[in-house]
Amino acid sequence: MSHDTTRRDLLKAAAIGAVTIAPGLTLIAPPAQARAPGQPASPTNRWGLLIDTSKCDQGCTACVDACKTEMGLPALDRPATDAQYIRKVDVRDPKTGNQHSLPVMCQHCAKPPCVDVCPTGASMKRADGIVLVDRHICIGCRYCMMACPYKARSFAHEDQTGQSAHNPRGKGCVEGCTLCAHRIDAGGQPACVEACSKEGGAAMLFGDLNDPKSEISQRISKEATSRIRADLGVDPAIRYQGI
Amino acid sequence: MGVRAVLLALVLGLFSVMGAWAGDAGPSFPKATSKALGGSCVDDPATMRRHHFDFLKHQRDDTLRQGIRGAKYSLKECVSCHAQVKDGHAVPVNAPGQFCASCHEYAAVSIDCFSCHATTPQHQQQVEATR
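If you read the sequences in order, they're chains A and B.
My numbering puts the first residue of the first sequence at 11, with every later residue one more than the last.
My numbering puts the first residue of the second sequence at 23, with every later residue one more than the last.
Hint data in this document are derived by calculation from the structure and do not stem from the laboratory.
In this text, all values refer to a predicted model and were calculated from it rather than measured experimentally.
Glycine residues also receive a C-beta, built at the ideal position from the N, C-alpha and C atoms.
Among the hints, a few may not be true.
Claimed, not checked - Quick partial rundown of chain B residues pointing at chain A, CB under 7 Å, derived from the structure:
hint	residue
1	77
2	86
3	88
4	89
5	92
6	94
7	98
8	133
9	137
10	139
11	140
12	144
Stated by the list, open to error - Okay, derived cross-link-like pairs now, DSSO-like style, lysine-lysine, Cα gap no bigger than 30 Å in a straight line:
hint	chain 1	residue 1	chain 2	residue 2
13	A	78	B	53
14	A	181	B	94
15	B	98	A	181
16	A	135	B	53
17	B	98	B	79
18	B	79	A	121
19	B	108	A	181
20	B	79	B	53
21	A	78	B	98
22	A	78	B	108
23	A	98	A	78
Work the whole structure out from these sequences, hints included.
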């Protein structure tokens with residue numbers, strides 16, 4: 011049996027981010043690295059979240075507040091129409107009285123229904139699994155809002171001012187959580203995750219589901235996790251623990 | 023003859039003055055404030071004047087749909103360099119007389135970039151948010 015590194019082994023190793031270039035000398039790609047300028051998002055990544063509901067406090071809105079600040083969403087105190095990329099949902103089992111509070115945002119499905127129904131191609135999935143709205147071609151029909159089983163999208167009803175530089179948004183377009191694609195592309199993590207670890211209960215973990223060495227992959231391979239409405243078969247990238 | 027020559031000289035002189043006026047016509051706009059690129063734009067001014075919309079239109083699709091960052095042309099960078107700061111507050115680039123608006127008004131072009139995109143630079147937004 012030969013111990014020579016074959017091309018296949020090298021490719022396999024490269025796919026998981028570690029390449030043995032000589033015995034005892036291994037190159038490991040650091041996690042969540044900023045993508046080089048000019049490089050497109052890669053299908054070798056699939057960004058996702060793991061949310062531990064046991065650490066999520068019912069009264070805490072750190073993630074929601076951080077999202078509003080980061081994305082420049084105005085709080086007009088009109089809950090029916092205000093844009094919300096992330097919201098806190100309180101659930102209670104009527105039989106046992108067991109209560110949970112959990113943040114729900116775009117679940118960045120592998121098979122997103124919003125993309126299926128979009129008549130213009132504005133609703134789209136990036137190569138790394140982030141589901142976005144291309145507002146340049148969104149006509150505001152809101153089919154995606156109806157198709158989304160997670161109520162994750164919002165519609166801008168009014169003329170907007172004071173937008174955040176990295177979240178252009180305007181009247182007549184649908185919008186939703188971008189998983190902070192602008193931060194991920196720069197090697198960071200979503201604003202909600204950062205706020206949760208600083209001000210909240212550190213219930214949210216961000217990482218690459220395609221990288222078996224990432225903390226999120228390690229945890230979901232060992233611990234029981236679930237996805238909301240897994241029965242729909244849309245394969246969300248957001249996983250929950252404790253619900 | 024003498025009178026004719028004087029008249030001709032006067033008329034020619036008038037034309038040359040009008041010619042000079044015609045050359046000066048056009049929008050006046052504030053110069054870029056940022057020295058980030060050594061005081062120069064990403065391309066020469068003539069190319070940018072003629073093609074900036076094409077550059078930006080291609081760039082926006084690459085950035086949004088493919089996630090390509092850090093490319094040569096970017097609307098964010100236009101705003102970043104060309105927005106003026108008055109009394110510590112950034113002036114929107116689409117305000118009357120400002121960089122984007124002055125030319126578009128002169129050329130009677132209606133753009134809708136700024137119905138969605140931020141009109142003040144990100145660094146200035148952060149400075150003003152912390153006040």
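(message) Please list, smallest to largest, the hint numbers that this structure does not respect.
(response) Of the numbered hints given earlier, those the structure breaks are 1, 6, 8, 13, 16, listed in rising order.
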